[in-house]
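In case you want the letters, here they are:
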Amino acid sequence: MLARVAENLYWMGRHIERADFCTRYLGVQFFTSLAGPMSGHKDFILRSILYVSGSSFNTEAPLTEQDVWQTVIFNPLNPNSIFNSINHGRENARSIRNTISSELWEAINKWYLFCKQRSHEDFTSSDLFWFSEHMVSHIALVKSNMVNTILHDDVWHFLNVGLSLERTLQILKIIRSKISDISILSDSGAIESLKLYQWSVMLRSVGAYDVHQTINKATLMSNETIFKLIFSNDMFPRSTRFSTRKIYTHLSKISVNSEPVQSFTSGFKDKMDAFNTFSDFSNEDAVIQHIEDMEKWLLESHTIIQDLFFLKV
Amino acid sequence: MDRYIRKFFIFPSMVDILKNYAAVPGILDEVVTDRNADNSYYRRFFNTLAEFKTQDIKSLMEIAKLSFLNQGITYALYTKNESVEQIFPFDLVPRIIRQQEWQQLRKGIIQRNTALNLFLHDAYNDGKILKDKVVPKRLVKSSVHYCSLMENFTPPQSIYCHIAGTDLIRHADGNFYVLEDNLRSPSGVSYVLSNRIAMSRVMPEAFDNTVIEPVFDYTNQLRSALWNVSNRELGDIFCVLLTPGSFNSAYFEHTFLAQKMGIELVEGRDLVVQDGFVYTQSIGGLIRVDVIYRRIDDAFLDPFVFRQDSMLGVKGLMDAYMRGNVTIVNAPGTGISDDKAICSYVPDMIKYYLDEEPIINNVPTYICDRPKDLAYVKEHIKELVVKPVDMSGGYGVCICDQMSSSEIDDLLRKVEANPRNYIAQPKILLSTHSTYIEESHEFEPRHIDLRTFSIFGGEEPYVLAGGLTRTALTKGSLIVNSSQGGGSKDTWIVN
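Chains A and B supply the protein sequences, listed in that same order.
Just so you know, we're using this note's numbering here: the first sequence kicks off at 379 and counts up by one.
Just so you know, we're using this note's numbering here: the second sequence kicks off at 5 and counts up by one.
Check the hints yourself; a few may be wrong.
Said to hold, decoys possible - Okay, the calculated beta carbon distance ranges per label pair:
1. A/S564 with B/L290: 16 to 26 Å
2. B/P160 with A/D612: 52 to 62 Å
3. B/L70 with A/D685: 36 to 46 Å
4. A/D445 with B/D240: 53 to 63 Å
5. A/F409 with B/A80: 52 to 62 Å
6. B/H445 with A/S480: 54 to 64 Å
7. A/K521 with B/F251: 21 to 31 Å
8. B/L70 with A/F409: 38 to 48 Å
9. B/F251 with A/S480: 19 to 29 Å
10. A/D588 with B/H445: 51 to 61 Å
What the hints assert, rightly or not - Here are the simulated lysine-lysine pairs, DSS-like style, with alpha carbons at most 25 Å apart:
11. B/K135 with B/K145
12. B/K135 with A/K488
13. A/K647 with A/K606
14. B/K479 with B/K57
15. B/K264 with A/K521
16. A/K494 with B/K69
17. A/K521 with A/K631
18. A/K624 with A/K551
19. B/K264 with A/K488
20. B/K141 with B/K479
21. A/K631 with A/K606
22. A/K647 with A/K494
23. B/K355 with A/K488
24. B/K135 with B/K376
25. B/K479 with B/K69
Read the hints as simulated data drawn from the structure, not as lab findings.
Even glycine gets a Cβ: it sits at the ideal position worked out from N, Cα and C.
Model the full structure from these sequences, guided by the hints.
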């Protein structure tokens, strides 16, 4: 496989997953806030959405929903807007169109066209539900075509290394954001139900709410039950344990057996195993440190992947 | 009533969808001409189309457009500020050419491009045709596409032009003529294949009871030709398609061809030359490349010997080529043959090399570099079409009877300042063809041409059945190029 193709596959996976997470977070955060205990804290909700999307914003100025949707979803000048993530993913796919299936390309292209065609200045909150529903359908179609229409060889492995690495980073980012949100709410004397509510939003954003309730039938929701699911569950696809294992699985199957690649892969596994033994869930400081360490490790891994496999200029 | 029901309960009285169709007097309309013939294929087609209401036809066009858009079958159109992805407009009415006529065209295309390959070898080696003054040496050597590096070099199998795009037009006399040759990187073949797919998806009924020559063997034929011009054994051969990248106007075609041939699509930055061999950078190291089907111009191929600022090419590529370690398809320097001034000598080349009469004639051409021709051009300029010799895509074409006096004066000044750079041709009224016009929701006559695609270097010369019929969408316009707002049709060779 060409080094440039591998790089584009890796980034395609990352951009698609980033757009997926941001779309989910946006929808869950906004709609669950309307009728929940956070209904009087719209500004807080909008700031949280901007933070998780990675969009820069004026912390002093008041926010309007319409501006936030433009910034987070459509703004072509915001490198982290959902549209830009899709656009970058599509450009990655377009650069390697002969490598991926027509079905996968067409699904990505349709997703891009859908988002582009909806991009207009009078997009309001009442467009958001319909928009989110369609976005989720497009994402599902893209991911289904990834699984079912391409060979599960190096193409698949690079795509999944990128996707799983981005997924892990996004999970960590959402947890970090929620810890921060709860801390702000605590400082302003918010009641316990508001804090719990933030955790339920986090669970819903990663599609983990139902799973959490299923595996904790006889236990009340707490930091510990949540962290245990999101960090340590090895059966849940959006836990960091599951996602990092997936990175390792795909890395180890790439058809390059050079010594540097083998050394990196085994080093990655050692580090991953060490991270996955973390269990100090009741200690919030330890959790924050764990998140920071994991993020640092993943970003270092990204650099090594780049050096080992991608195009040397 | 939906299409399924209509298929089984055909309305007895169909609206004549061509009732307002008015062919232009003095111009050959291919639909009208054929429609009056016995066993008219157009009559069959329009009878099928007549089963559709106007609204249905609009819907079919919308479905076709959406299908092209979703598949990303687009080309980039460059405006002053940005590059916009455009669908190459597809017309529902196919152009139909009968097998007997096509076979004659096919022979003519092979004859012409065989002569052109012989000319290229001769021009860069012994130069016999130049010494014999059949083609002026000065014209060849002064072509902007002349590549002195190719002198005394013969590529594998003596094939210079592996892929040729010969543009044909049909004149009012009913005969086809060659308008121009495209011997560098002719584009458009992917639309031939995509149009056939679109046509079969949108109007499967049209294929009933009509045997149409298939087009899908093109990529297999091209791949075989690439293998054949490699200097290595089958099994070891590594072919790539070299693209300028995803921002190039023909990028869709590059990905399409690479995918259908199962070869790697590479950019210049993927390739590297080491010790006279070309390699591509893979995740596991370097892989030797044997054949490069390049879709970039000569000037950008190798910054060591051509344009030094090229970011698209590969340093040292020409050295590897000259050593015979890699084959470049089409060979560098083939552009001298699609210099429009030299192109006018092809009938002479056919006589010189093959001792045959040309099967397809050229559109008469006045070479402004010849004083006698220049005098004629100056005197008759209002009746002529003036073209720069080295431009394609319809750029720079001046249809003089549509120009103001001051525009003509400007043009004459340019021609007189650099006569080598211009040719002139009589205004040929390209044939017209029924084309669905969205604005009027009517079928109207529009001018068309035909870009044919032929492949050399395989077991035997191959010509893709039909080719790309390009259609002007503006009433009365003779410019059919996509870059100038033209569209295309599926082209059927029927038995």
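Violated hints, by number in ascending order, as checked against the structure: Of the numbered hints, 1, 5, 6, 8, 12, 20, 21, 22, 23 do not hold.
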